[in-house]
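One line per chain: the protein sequences are A, B, C and D, in this order.
Per the numbering used here, the first sequence starts with residue 1, numbered consecutively.
Per the numbering used here, the second sequence starts with residue 1, numbered consecutively.
Per the numbering used here, the third sequence starts with residue 1, numbered consecutively.
Per the numbering used here, the fourth sequence starts with residue 1, numbered consecutively.
Hints in this document: simulated from the structure, not taken from any laboratory.
Errors might be hidden in some of the hints.
Here are the simulated DSBU-like pairs of lysine-lysine, each with C-alpha atoms no more than 35 Å apart in a straight line [what the hints assert, rightly or not]: (1) LYS4(A) with LYS392(D); (2) LYS231(C) with LYS221(B); (3) LYS14(B) with LYS310(C); (4) LYS310(C) with LYS153(C); (5) LYS2(A) with LYS140(D); (6) LYS196(C) with LYS8(C); (7) LYS234(A) with LYS61(C); (8) LYS210(C) with LYS196(C); (9) LYS140(D) with LYS238(D); (10) LYS234(A) with LYS153(C); (11) LYS231(C) with LYS139(C).
Since the structure is predicted, the reported quantities are computational estimates derived from the model, not experimental observations.
Listed here are the chains, written in short residue letters.
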Amino acid sequence: MKPKVAFFDFAGCEGCQLAVLNCEDVLLDILGLVDIVEFREAISETAPRFDVAFIEGSIHREEDVERLRGIRARSTYLVALGACACIGNVQARSNFIAPAENFKRVYGEVDRNQAQTDPEFWPLWAHTRVRAVKEIVPVDFELRGCPMVPAEFVHLVKALVSGSIPHFPANAVCVECKANENECAFDRGETCMGQITYGGCGAICVTNGYRCDGCRGVLPHANLAAHRQLLREKGLSDALIQNRYRLFCSAEPLGQEIRR
Amino acid sequence: MNVTASASDTTLDKNLYLPRMATILAVEEMTAREKFFRVELSQPLGHRPGQFVMLSRLGIGEAPISVSCGPRDDTILEMVVRNAGSLTQVFHGLQPGQKVGVRGPFGSGFDLADLYDKDIVFIAGGLGLAPLRSLIQPVLAQPDRFGTVTIISGCRTPAEELYRADLQSWSHKVKVIRLVDKTANLPWDGQVGLVTAPIAQLDLDPGRTVVALCGPPVMYKFVLMELDARRIPHSQIFVDLERRMKCGVGKCGHCQINHVYCCQEGPVYRFDHIEHLPEALQ
Amino acid sequence: MSTFLIRKDAVPDWIQRLARENAVYFPQRAGQSGFRFEPVQEGSEIQFEQYHPTIVPPGKKLAPAGEVLFQYRREGEDAVVEPVVDASFRILAGVRPCDLKGIDLMDQANREGCADPHYLTRRANTAIIAYDCLTPCDKACFCDATGSLRCRKGADIFLTPVDEDVLVEPLSERGLALLAGANFPICGNVEARKAKAEGGRAKPFGRQFKAPLQQIPGIVAKQWHSPVWEKHVQQCFSCGSCNLVCPTCYCFNVQDDFDLTNTSAGQRSRTWDGCMLPNFAEVAGGHNFRSHPADRQRHRVKRKFEYLTKRFEEGSFCTGCGRCGRQCTAGIDIFDIVNDLVDNTEATS
Amino acid sequence: MKNDTKTYNIDVHHVTRIEGHGNIRINTRAGVVEEVKLCIVEANRFFESFTRGMLPQEIPWVVGRICGICCVGHQLAATKAVEDSQGITVSPQTVLLRKMFNESQFLQSHVLHVYFLAVPDFVGAPSVLPLASSHPEVVKRALRLKKLANDYTAVMGGRVIHPMSNTLKGWRKLPDLAQIEQIRDRLLAAVPDVLETIAIVKTLKIPQYERETEYVSLKHPDEYALYDGDVFSSDTQKAVPVRNYRWVTNEFTVPHSTTKWSRWHRDSYAVGALARVNNNFAQLRPEAQGVAETLGLKVPCYNPYMNNVAQVVEIVHCAYNSLAMMETVLNGGLQAEDISHTPVAGRGFGAVEVPRGILFHEYAFDETGRCSDANSIIPTSQNINNIEQDMKAFVPQMLPNMSKEELTLHMEMLLRAYDPCISCSVHMLDVEFTD
Ligand SMILES: Cc1cc2nc3c(=O)[nH]c(=O)nc-3n(C[C@H](O)[C@H](O)[C@H](O)COP(=O)(O)OP(=O)(O)OC[C@H]3O[C@@H](n4cnc5c(N)ncnc54)[C@H](O)[C@@H]3O)c2cc1C
Ligand code: SF4
Ligand code: SF4
Ligand code: SF4
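When you get a sec, could you build the whole thing from the sequences and use the hints?
Rendered as structure tokens:
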């Protein structure tokens with residue numbers, strides 16, 4: 001029996017689902033091993049139950065919470081697909097701004113109030129706070145990164161179809177920088193979050209001349225105090241360090257008190 | 001100016017990373033977490049008690065697994081595998097007729113000659129009985145060569161006891177003490193308590209007693225305290241240690257205990273050889 | 001074997017000629033200040049004297065970050081397993097004495113006990129052209145302190161700069177063969193020139209330990225519960241960079257994989273691992289035998305100066321190349337750790 | 001055939017095979033259309049709010065996350081806007097590389113849309129997946145073309161989705177010439193696949209509906225405007241500078257959509273492939289003009305379903321244009337450029353054409369060089385109003401002759417034909433149809 005696989009999207013850019021479609025070389029092979037029963041970006045079908053549900057996107061509203069709970073109840077395994085689902089991603093930065101202020105900046109005071117007067121559509125506007133999937137339902141596996149890494153997706157699919165358990169080592173991005181013989185971003189005068197960030201991406205940003213901004217989330221053993229001190233020594237103000245840690249919201253705890 | 005490539009280094013007679021394929025003959029469910037495997041090799045393993053093999057399923061992975069049967073002339077290898085993760089979960093799904101890869105045997109193991117004429121106490125905690133069985137079998141097969149034999153085997157609940165039939169048949173020949181931490185409302189014909197408890201009651205002659213010990217890391221400290229109380233010299237205690245292993249031959253570095261490699265000098269150690277190593281019994 | 005003498009500016013041309021017929025690796029610029037051993041191509045820059053030690057040592061060309069151990073194909077349950085061994089010929093040129101030492105130590109580790117076929121086959125097919133250092137590379141290295149500076153072992157050809165010339169010394173049959181068509185003039189008074197080179201060598205040569213090297217293993221061995229370990233992990237990220245760039249770190253992980261197109265075929269491969277990485281000593285079930293960073297730092301240092309030195313009867317398994325200190329973003333330097341251990345022994349004794 | 005008693009209550013939740021969350025709601029009673037609503041139910045992500053405080057260099061990188069499908073376009077529009085605010089002008093080399101980068105995404109997005117999202121509709125398949133067994137050669141060709149386009153993007157930008165090589169002033173790591181050469185060779189070899197694509201699209205039965213529409217796109221004096229130009233309207237035949245984009249978009253909010261809506265000279269306007277082809281037909285490469293003719297696309301064309309045909313025309317245009325640009329790069333080589341920049345205060349505007357239409361970004365930075373204001377108007381939020389207008393016009397026409405299912409499918413197809421990218425609706429609601 002081929003495992004039934006479904007994809008669901010919440011608030012995100014849908015790049016992770018696209019990354020699945022972008023596995024051109026192996027897409028047909030994957031289709032030979034699993035049955036994709038829901039995938040809104042590519043197919044129209046829907047299904048009552050599945051073995052693996054991939055959740056893309058962060059969770060913002062009550063109606064999304066309900067939908068997510070429903071999906072969890074219908075699936076054996078649940079996989080958080082990409083940074084939005086795993087850590088809230090860039091949009092979680094809005095958690096540090098009061099909701100009314102967010103709405104005001106995007107829609108303007110008048111429009112926003114007017115839009116929210118229609119009771120029928122009110123739920124659409126009922127934004128609470130950006131949450132990662134694991135803050136709401138148990139998550140079995142996380143495919144980290146913005147976007148997720150196709151090789152890790154393939155590894156997960158292989159493990160699940162062979163009855164094994166996928167492994168995602170909790171090592172820093174630096175490991176892959178070294179494997180690629182990259183010049184360390186710090187040696188280029190940059191500052192980098194690679195040392196405190198989950199590897200698995202192949203250090204692709206540093207390899208291509210950028211730095212690591214932490215889209216894969218902070219490691220469980222991350223020495224944040226040392227990192228903060230290092231960035232200070234490299235001349236970053238506390239405000240800029242905070243800005244950096246909140247770019248992908250990886251080094252700031254999610255769901256923190258909203259500050260004005 | 002061009003130098004031709006030489007095929008390989010002369011020191012290499014065989015490739016140590018290549019597994020030999022073995023066929024599963026029987027799989028038996030022992031407990032909810034452990035399965036017994038009997039596999040047929042292409043040639044006799046030629047192992048010593050206490051050695052292990054690197055067992056693999058091609059495409060899934062490889063893990064160290066203790067040999068659970070005594071040395072034998074035929075091509076049979078017996079093992080117990082606990083479902084502990086990605087690879088062992090796949091082993092649990094295998095059926096007779098399917099093939100697994102085997103490398104080894106690796107490790108030091110026990111030297112039977114060291115034990116001749118000694119009284120032997122086996123102390124096994126949980127899965128520790130699996131490797132000890134590779135020593136119990138040859139010892140019980142030649143009772144005249146050894147003194148008295150005592151087997152203490154403990155596990156958490158009756159449902160987790162391994163090799164029950166073996167323990168029962170051994171108990172006809174030697175003293176066997178079976179314990180559980182708690183009965184968990186299951187029928188139980190052994191004792192309740194920790195494996196340390198019976199040690200005080202044993203009739204031990206420190207001069208001629210040898211202890212073979214294998215179990216989870218937490219067990220060692222307490223058993224060794226009991227054995228000290230009974231004045232068993234550390235040179236007569238053998239412990240079987242577990243570390244992460246990726247090669248089995250002292251290359252991958254994972255199994256190092258201070259300067260010694262568990263896969264080479266171990267996993268069976270004479271206690272006085274390692275007691276000074278701070279990493280040995282953490 | 002006779003020694004040859006050529007002008008410095010003839011060296012790049014010679015390397016280029018070798019590269020036309022062989023895979024020649026030479027340090028080339030990577031980024032703003034880094035260097036990498038990369039295949040020499042038409043137009044590659046060959047700068048013997050002015051390169052900073054490479055990010056990753058040349059010895060890692062013999063044990064790459066990831067390599068396939070074997071491939072398999074299953075038909076039904078029967079499997080054909082075929083080892084993948086790389087027996088292609090390559091030349092590593094521009095190897096520094098410290099890295100020569102690193103390769104020598106790796107040779108020993110891979111020969112010991114069960115010989116490693118993958119490493120040793122590559123090694124057997126690798127020629128090394130090494131180049132002496134008359135001044136320390138930078139502030140990070142300490143190769144004289146570890147006794148690597150004068151390493152010649154393992155080189156097929158050894159180059160020593162003397163003023164505007166270079167002594168070209170074949171040290172093996174293979175080295176001689178590589179020089180066969182070069183038509184280099186034979187050097188007279190070799191010893192005098194070598195002495196001249198030696199006279200020009202910086203003194204002291206780079207950083208020196210606070211105790212003689214012979215005492216270091218003993219000093220390191222004495223310290224288990226030492227505040228030094230804790231001190232040197234305060235800022236540590238457990239990123240493993242220090243392991244991965246070290247010429248004498250060779251730990252690895254092994255994993256299997258199968259093909260998606262043909263699920264009955266696949267491979268087993270290994271990748272670099274490092275004892276500073278947090279899960280290195282974790283076993284199934286979750287117990288970690290070195291759960292604290294200080295446990296791991298101690299293990300790393302003891303491997304370099306106590307465990308492996310004892311096992312292989314070597315003075316030091318740290319070559320003093322300085323890479324770990326250079327690459328550590330936390331500024332942790334094994335040289336400082338050793339000196340702190342020396343101080344700590346003196347303080348406690 | 002008129003059936004006065006028809007009462008439909010159609011509510012298509014989460015229309016599939018579009019990117020983003022849209023619902024269609026249609027309410028008819030006794031043959032009279034009472035309500036047609038396109039509800040954008042996408043949750044807010046507040047990009048325009050949370051980008052405040054970021055550094056200029058971080059903006060393009062982060063706002064690329066607005067949409068994974070148009071991430072290149074978002075990066076480029078934002079890069080241009082930020083550069084405008086910082087007083088940066090870039091070298092011809094950088095402009096050339098950016099144009100290649102942008103066109104790589106056109107190829108990739110159009111191939112994905114035509115094959116994965118639109119073709120199944122026209123052949124009556126529920127999705128591309130069943131086609132994998134029924135029409136394997138089609139799917140394989142689609143994957144081949146898509147992979148080529150993706151590899152092109154990756155060579156230019158470092159990876160396909162959220163690439164990292166492009167930044168202010170130029171490239172963090174220049175594309176590798178050898179790789180560009182490979183892409184060129186593969187693109188040349190892909191001609192048969194492109195011809196087959198044209199052949200397939202020729203066989204599709206495109207619904208015949210027309211509604212005169214205002215088409216808005218960039219326009220450039222010298223080239224088919226994709227990377228640069230002024231904002232042009234087909235109604236006035238005039239263009240306004242990008243910095244005055246607010247004259248064009250005139251955004252307003254409706255309750256049933258988390259995205260804001262737009263209108264210019266009339267109730268709504270359309271952007272996208274059809275708008276561009278309509279406005280700039282003469283500047284298409286001759287090969288693309290030929291394909292338009294083959295596929296029966298005559299400008300001006302007012303049938304929104306023809307957008308898919310316009311996409312194929314643009315695939316051909318971008319392929320040939322890219323080949324020419326690759327030649328230039330391969331002949332001239334690439335020089336490393338200084339990309340260092342110290343942030344300053346300022347406000348800037350940027351627009352590019354992305355596959356779905358014209359995309360505007362605007363940023364302001366305070367004296368500390370950190371972002372103080374942001375605005376981004378995406379093509380779908382400009383189109384969404386027009387889609388609803390189309391629906392309002394078409395439903396009464398179709399109602400007499402169609403079952404509820406057919407009607408639903410045609411509305412979904414219409415929505416999909418626009419290739420809406422609702423997820424990138426920085427400020428976009430959901431679309432839904434109910435009775
Ligand atoms: C000498 C010895 C004898 C043993 N005898 C037995 C025995 O007789 N019976 C028995 O059941 N067990 C025995 N074990 C234990 C057994 O080896 C482990 O239970 C087994 O390795 C678990 O493998 P797994 O893949 O199922 O578990 P997992 O924990 O899932 O291991 C996962 C696999 O993933 C990889 N992995 C795990 N963590 C990481 C990480 N952080 N980074 C990268 N990769 C990782 C490893 O490759 C590992 O093989 C013995 C162990 C030793 C050392
Ligand atoms: S660039 Fe970043 S990830 Fe890479 S080694 Fe340096 S700190 Fe680590
Ligand atoms: S490189 Fe530095 S920070 Fe990283 S593990 Fe080594 S000592 Fe720690
Ligand atoms: S420990 Fe550090 S200095 Fe010593 S050999 Fe390794 S990388 Fe070089």
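message: Tell me if the straight-line CA distance from LYS14(B) to LYS310(C) falls inside 35 Å.
response: 27 Å, holds
query: Are the Cα positions of LYS231(C) and LYS221(B) separated by 35 Å at most?
result: 30 Å, holds
query: Is the straight-line distance between the alpha-carbon of LYS2(A) and that of LYS140(D) 35 Å or less?
result: Holds: LYS2(A) and LYS140(D) sit about 22 Å apart, inside 35 Å.
- request: Below or equal to 35 Å on CA atoms is what counts here, so check LYS140(D) against LYS238(D).
  value: With a Cα-Cα distance of about 43 Å, the restraint between LYS140(D) and LYS238(D) is violated, given a limit of 35 Å.
task: Sort out whether LYS153(C) lies within 35 Å of LYS234(A), counting only the CA atoms.
output: 42 Å, violated
message: Holds or violated: LYS4(A) and LYS392(D), Cα atoms, limit 35 Å.
response: Since the Cα atoms of LYS4(A) and LYS392(D) sit roughly 39 Å apart, the hinted pair is violated (cutoff 35 Å).
query: Given the proposed pairing of LYS210(C) with LYS196(C), does the C-alpha separation stay at or below 35 Å?
result: Given pair LYS210(C), LYS196(C) holds - Cα atoms ~29 Å apart, limit 35 Å.
- prompt: Does the alpha-carbon distance linking LYS310(C) and LYS153(C) stay inside the 35 Å limit?
  reply: The given pair, whose Cα atoms are some 20 Å apart, holds under the 35 Å limit.
query: Is the straight-line distance between the alpha-carbon of LYS196(C) and that of LYS8(C) 35 Å or less?
result: 16 Å, holds
message: Need the status of pair LYS231(C), LYS139(C): alpha-carbon distance at most 35 Å?
response: Measuring from Cα to Cα gives roughly 22 Å; hence the hint holds.
message: For a C-alpha distance cap of 35 Å, please report whether LYS234(A) and LYS61(C) respect it.
response: 33 Å, holds
Hints 1, 9 and 10, counting from the list given before, are not met by this structure.
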